[in-house]
Amino acid sequence: MENMLGLVFAIMGMMAAISLGGIGSAIGVGISTTQATGVLSEKPELYGKLFVIMALPGTQGFYGFIEFFWIMTRLRLFSGIPQISYSLGLQLFTIGFVMGIVQLFSAIHQGKVSAGSINLVAEREEEAGRAIILPSLVEIYAVLALIASILITNIVTAGL
Amino acid sequence: MAIEKIKEVYLFSLKRDFPFFFDFLKKEGKLHIDSVRDINGLSVFRDVNVSKFDKEISELETIINELEKFGEKKSLIKSFIPERIELKEEEFNKIVKEFDYKSVYNRVLDYIKEEERILDRIKNIKKLLTSLLPYSSFELELENLDKLKTIKLVLGSLEKKYLLTLDRMKEKLIVKIVSSHRNKVFLFLGYKRDDREVEEFLRKIEFSPLDVSGLTGKIKDVIENINKDLEKLVKDRERIIEKKRKEAKNLKNIIILREYYLDKRREEEIKQRLIESKFFVFIRGWIKERDIRDFRDRVEERFKDVIVEFHEPKNLEEVPVALRNPKFIKPFELLTGMYGFPKYHDFDPTPYFTPLFILFFSLCFGDVIYGSLLLLGSYLFIKLFKIHEKDRGFFYFFMILGFFSIIVGVLTNSWAGDLLSFPQLAVIDIIGDENGLLKMLIFALAVGFISQLFGIFLKGLNNIRHGKLLDAIFDQFSWISALSGIGVYILGSTFKSPALLNVGKFMIIGGVIIIVLTGGRESKSIFGKVIGGVVSLYGIVSSYGFSAALADILSYSRLLALGFSTTVLGIIMNTMARMFGKGIMLFILAPLILLAGHGLNFFMGILGAFVHPTRLIFLEFFGRFYENGGKRFKPFKFSSEKIILKKID
Chain X
-18 MENMLGLVFA IMGMMAAISL GGIGSAIGVG ISTTQATGVL SEKPELYGKL FVIMALPGTQ
42 GFYGFIEFFW IMTRLRLFSG IPQISYSLGL QLFTIGFVMG IVQLFSAIHQ GKVSAGSINL
102 VAEREEEAGR AIILPSLVEI YAVLALIASI LITNIVTAGL
Chain Z
12 MAIEKIKEVY LFSLKRDFPF FFDFLKKEGK LHIDSVRDIN GLSVFRDVNV SKFDKEISEL
72 ETIINELEKF GEKKSLIKSF IPERIELKEE EFNKIVKEFD YKSVYNRVLD YIKEEERILD
132 RIKNIKKLLT SLLPYSSFEL ELENLDKLKT IKLVLGSLEK KYLLTLDRMK EKLIVKIVSS
192 HRNKVFLFLG YKRDDREVEE FLRKIEFSPL DVSGLTGKIK DVIENINKDL EKLVKDRERI
252 IEKKRKEAKN LKNIIILREY YLDKRREEEI KQRLIESKFF VFIRGWIKER DIRDFRDRVE
312 ERFKDVIVEF HEPKNLEEVP VALRNPKFIK PFELLTGMYG FPKYHDFDPT PYFTPLFILF
372 FSLCFGDVIY GSLLLLGSYL FIKLFKIHEK DRGFFYFFMI LGFFSIIVGV LTNSWAGDLL
432 SFPQLAVIDI IGDENGLLKM LIFALAVGFI SQLFGIFLKG LNNIRHGKLL DAIFDQFSWI
492 SALSGIGVYI LGSTFKSPAL LNVGKFMIIG GVIIIVLTGG RESKSIFGKV IGGVVSLYGI
552 VSSYGFSAAL ADILSYSRLL ALGFSTTVLG IIMNTMARMF GKGIMLFILA PLILLAGHGL
612 NFFMGILGAF VHPTRLIFLE FFGRFYENGG KRFKPFKFSS EKIILKKID
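Same order as they appear, the protein sequences are chains X and Z.
Using the numbering used here, the first residue of the first sequence is number -18, and each one after it goes up by one.
Using the numbering used here, the first residue of the second sequence is number 12, and each one after it goes up by one.
Honestly, the hints are just simulated from the structure, not real lab data.
Don't be surprised by glycine CBs; every beta carbon is placed ideally from N, CA and C.
Careful, some of the hints might be misleading.
With a straight-line Cα cutoff of 27 Å, these simulated DSSO-like cross-link-like pairs (lysine-lysine) come out [said to hold, decoys possible]:
{"#": "1", "chain 1": "X", "residue 1": "K24", "chain 2": "Z", "residue 2": "K653"}
{"#": "2", "chain 1": "Z", "residue 1": "K282", "chain 2": "Z", "residue 2": "K325"}
{"#": "3", "chain 1": "X", "residue 1": "K24", "chain 2": "Z", "residue 2": "K401"}
{"#": "4", "chain 1": "Z", "residue 1": "K657", "chain 2": "X", "residue 2": "K24"}
{"#": "5", "chain 1": "Z", "residue 1": "K299", "chain 2": "Z", "residue 2": "K645"}
{"#": "6", "chain 1": "X", "residue 1": "K24", "chain 2": "Z", "residue 2": "K263"}
{"#": "7", "chain 1": "X", "residue 1": "K24", "chain 2": "Z", "residue 2": "K255"}
{"#": "8", "chain 1": "Z", "residue 1": "K282", "chain 2": "Z", "residue 2": "K338"}
{"#": "9", "chain 1": "Z", "residue 1": "K99", "chain 2": "Z", "residue 2": "K401"}
{"#": "10", "chain 1": "X", "residue 1": "K24", "chain 2": "Z", "residue 2": "K229"}
{"#": "11", "chain 1": "X", "residue 1": "K24", "chain 2": "Z", "residue 2": "K282"}
{"#": "12", "chain 1": "Z", "residue 1": "K18", "chain 2": "Z", "residue 2": "K325"}
{"#": "13", "chain 1": "X", "residue 1": "K24", "chain 2": "Z", "residue 2": "K338"}
{"#": "14", "chain 1": "Z", "residue 1": "K38", "chain 2": "Z", "residue 2": "K66"}
{"#": "15", "chain 1": "Z", "residue 1": "K653", "chain 2": "Z", "residue 2": "K341"}
{"#": "16", "chain 1": "Z", "residue 1": "K657", "chain 2": "Z", "residue 2": "K645"}
{"#": "17", "chain 1": "Z", "residue 1": "K108", "chain 2": "Z", "residue 2": "K653"}
{"#": "18", "chain 1": "Z", "residue 1": "K263", "chain 2": "Z", "residue 2": "K657"}
{"#": "19", "chain 1": "Z", "residue 1": "K37", "chain 2": "Z", "residue 2": "K275"}
{"#": "20", "chain 1": "Z", "residue 1": "K246", "chain 2": "Z", "residue 2": "K195"}
{"#": "21", "chain 1": "Z", "residue 1": "K80", "chain 2": "Z", "residue 2": "K338"}
{"#": "22", "chain 1": "Z", "residue 1": "K41", "chain 2": "Z", "residue 2": "K338"}
{"#": "23", "chain 1": "Z", "residue 1": "K255", "chain 2": "Z", "residue 2": "K105"}
{"#": "24", "chain 1": "X", "residue 1": "K24", "chain 2": "Z", "residue 2": "K124"}
{"#": "25", "chain 1": "Z", "residue 1": "K354", "chain 2": "Z", "residue 2": "K263"}
{"#": "26", "chain 1": "Z", "residue 1": "K63", "chain 2": "Z", "residue 2": "K38"}
Pair by pair, the computed Cβ-Cβ distance ranges are [to be verified]:
{"#": "27", "chain 1": "Z", "residue 1": "K338", "chain 2": "X", "residue 2": "S68", "range": "44 to 54 Å"}
{"#": "28", "chain 1": "X", "residue 1": "I82", "chain 2": "Z", "residue 2": "S69", "range": "48 to 58 Å"}
{"#": "29", "chain 1": "X", "residue 1": "E108", "chain 2": "Z", "residue 2": "G40", "range": "19 to 29 Å"}
{"#": "30", "chain 1": "Z", "residue 1": "R589", "chain 2": "X", "residue 2": "N135", "range": "47 to 57 Å"}
{"#": "31", "chain 1": "X", "residue 1": "E108", "chain 2": "Z", "residue 2": "T141", "range": "45 to 55 Å"}
{"#": "32", "chain 1": "Z", "residue 1": "K325", "chain 2": "X", "residue 2": "G11", "range": "36 to 46 Å"}
Derived, one-sided and incomplete: chain X residues facing chain Z with beta-carbon distance under 10 Å [said to hold, decoys possible]:
{"#": "33", "residue": "A36"}
{"#": "34", "residue": "F43"}
{"#": "35", "residue": "I121"}
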């Protein structure tokens, strides 16, 4: 039991990354899609343009998934259960959890910005190009958290 | 390779020639007609009526709304492509002259009214039907209900909870239950005519009588007849829908006609910009310099009395802007248009950001197989859906990007994730190489660094173009020296070269000295000059500073993240396919997973690789040097969203 604790924490970290990112994206896409359905009931021809904006807050879920996968790869979980020290497990948990928190909040706020962009397109269709860019102002922080978490994962798992 | 040279044009036409001349201008399609500011006692052109064609347009729009759903069905993919009707000018003129839309309009109006009437009747009949249905087992003929002299017979419904209270009146009221449904009972009642007490009682317990006036025969038969009526009405409606469907064959002509009138309305709007005197009409406009000679010749050849003058533009702020770029760069004007056109006296940023955008996109999307799909997909799209010349820019855009994504894919060893692997071809192998990620991050930041320097350099050039050499040295080249000095210094310390270290130091110090000495030069007091100079280093007073530079360069790290996530998601799909695929399942499940997974990743990748580089261009790059605010050059000619006229030569 004692020597499995490291693995338990590592798995908690992996799952924190994927679940917090997933929850955030679910809420974010929920916000933007609800807005879009309202607009679409009036202007169904905007479907193509709005669909892209609706999907934008979905990326955080994938970023969480990437971190999940990355830890999995670095621990070589595909080829059996490795020995993971207690401290390494805790480190990985911290990485996954903190990274997940950023994904969670940025996805929700990106959902709100996307909803705003959807309104913009509903009022002025020709602004679709610019409206698509706006949610990326929020997304950058999710991207930064992903980069940071992957770099630090590489460092802490370097000895394995 | 830049902004077209534009000249201002004044045209004076005799009033009697004007209609022909105006038509001629429209056919030529070379002139951007602008409004005249100083009217100087002349009056605005009077023969204008913007609402002249409103009636026709609204009638045509009614028809289109009504018939559109019976036109051709569009697939999801096709709904992304703008719909164009291509026809020859003579065909177009023939339709405008001969097609009688009024009769179509009247017929469609009749259909609308007829359908409304039918729907109304269906609604009423259905209401009657639901009220009669509970009594269908009632056998008495309805016309007999009101025949007895002393006794009144009624049908009606009552809430179940009042059923027992009816007992109170049992001496005066005969009650028969016909049927019951949920909380309602349907009753047949008999009582003495004009028995006030019973009537009052029935009202109190909210007995609602069934209105059978006008109905004869047994209820069963009435219901049967109603059903027959209903069937007939539904058939009538289908007949009308069929007629509409037939009418929809005129839809194309109707749309063409609407576009004609919309264009006519625009023409009237443009006429509002003109000015007239007693005998003359005066037109002020803009023309591309390279069109002038041809235009002048043609005017002189056809209109002897028209006076044409060309001038150098006086107020550069109001000159409309047309961009001119080689074929390879043209598709990227899409982004310039999205951000806003440059002003006439500035320069066109398109050729400068195009290589950067291509680099950014291909770093984010870089994958050999995805890139090939994008390249081929865009090409096939043009061929299969016969995309019109006018709309192809968008697809060329992605073809170019696809091509460069392939190159980056080879260099970073990304072949649909790790579906294939050729590490010997790669320069930086993000996944396979232990330090691949770090190398890529440094590369992304280096790209950011260089693109920032390039942006500042362009701003400096623009200042020089406007004769502000000192501003360029103080504000831009000082920064370039300081920032690139840092770059040189870092290089020097990496390669342990004292010479580079010294050059770097010198560049930094030189740049910083200029910034500190000149940053506060706008300030009036000596104190302001000193403080302003120091603070501008940090970036509070001027729009730029070390903090802004750092933040902007770090922002380019997204290039690594997006490229990495495209590759890793691809790998995840491959891993899943390999996990599920053993034995016979390999041939069933694995292709499904690969197709769905890579499909998803492909589209997500394009989205991310478009959105983030666009932001890098708009915010980080344009922020250094570019100002929008120019208005577009829009020549006066036949214009329509839907119709493309083929010229007859």
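Hint check results:
1. K24(X) with K653(Z): The given pair, whose Cα atoms are some 19 Å apart, holds under the 27 Å limit.
2. K282(Z) with K325(Z): Holds, because 23 Å separates the two Cα atoms, which is no more than 27 Å.
3. K24(X) with K401(Z): Answer holds: K24(X) to K401(Z) is near 25 Å, not above 27 Å.
4. K657(Z) with K24(X): violated (32 Å)
5. K299(Z) with K645(Z): Cα-Cα ~11 Å, so holds.
6. K24(X) with K263(Z): holds (22 Å)
7. K24(X) with K255(Z): holds (23 Å)
8. K282(Z) with K338(Z): At roughly 35 Å apart (the allowed maximum being 27 Å), K338(Z) and K282(Z) break the hint.
9. K99(Z) with K401(Z): holds (16 Å)
10. K24(X) with K229(Z): Distance of about 50 Å is beyond 27 Å: violated.
11. K24(X) with K282(Z): Roughly 33 Å between the alpha carbons, so the hint for K24(X) and K282(Z) is violated.
12. K18(Z) with K325(Z): Status holds; Cα separation ~10 Å.
13. K24(X) with K338(Z): Status violated; Cα separation ~36 Å.
14. K38(Z) with K66(Z): Since the Cα atoms of K38(Z) and K66(Z) sit roughly 26 Å apart, the hinted pair holds (cutoff 27 Å).
15. K653(Z) with K341(Z): Satisfied, since the Cα-Cα distance of roughly 22 Å is no more than 27 Å.
16. K657(Z) with K645(Z): holds (19 Å)
17. K108(Z) with K653(Z): Holds, because 19 Å separates the two Cα atoms, which is no more than 27 Å.
18. K263(Z) with K657(Z): holds (17 Å)
19. K37(Z) with K275(Z): Since the Cα atoms of K37(Z) and K275(Z) sit roughly 11 Å apart, the hinted pair holds (cutoff 27 Å).
20. K246(Z) with K195(Z): Not OK: K246(Z) and K195(Z) at ~34 Å, beyond 27 Å, violated.
21. K80(Z) with K338(Z): violated (39 Å)
22. K41(Z) with K338(Z): Status holds; Cα separation ~21 Å.
23. K255(Z) with K105(Z): holds (24 Å)
24. K24(X) with K124(Z): holds (25 Å)
25. K354(Z) with K263(Z): Violated, because 40 Å separates the two Cα atoms, which is more than 27 Å.
26. K63(Z) with K38(Z): The given pair, whose Cα atoms are some 22 Å apart, holds under the 27 Å limit.
27. K338(Z) with S68(X): 44 to 54 Å: violated (60 Å)
28. I82(X) with S69(Z): 48 to 58 Å: holds (55 Å)
29. E108(X) with G40(Z): 19 to 29 Å: holds (28 Å)
30. R589(Z) with N135(X): 47 to 57 Å: violated (23 Å)
31. E108(X) with T141(Z): 45 to 55 Å: holds (49 Å)
32. K325(Z) with G11(X): 36 to 46 Å: At 56 Å between Cβs, range violated.
33. A36: holds (7 Å)
34. F43: holds (6 Å)
35. I121: With a closest approach of 6 Å, the I121(X) hint holds.
Consistency with the previously given hints fails for numbers 4, 8, 10, 11, 13, 20, 21, 25, 27, 30 and 32, ordered from lowest to highest.
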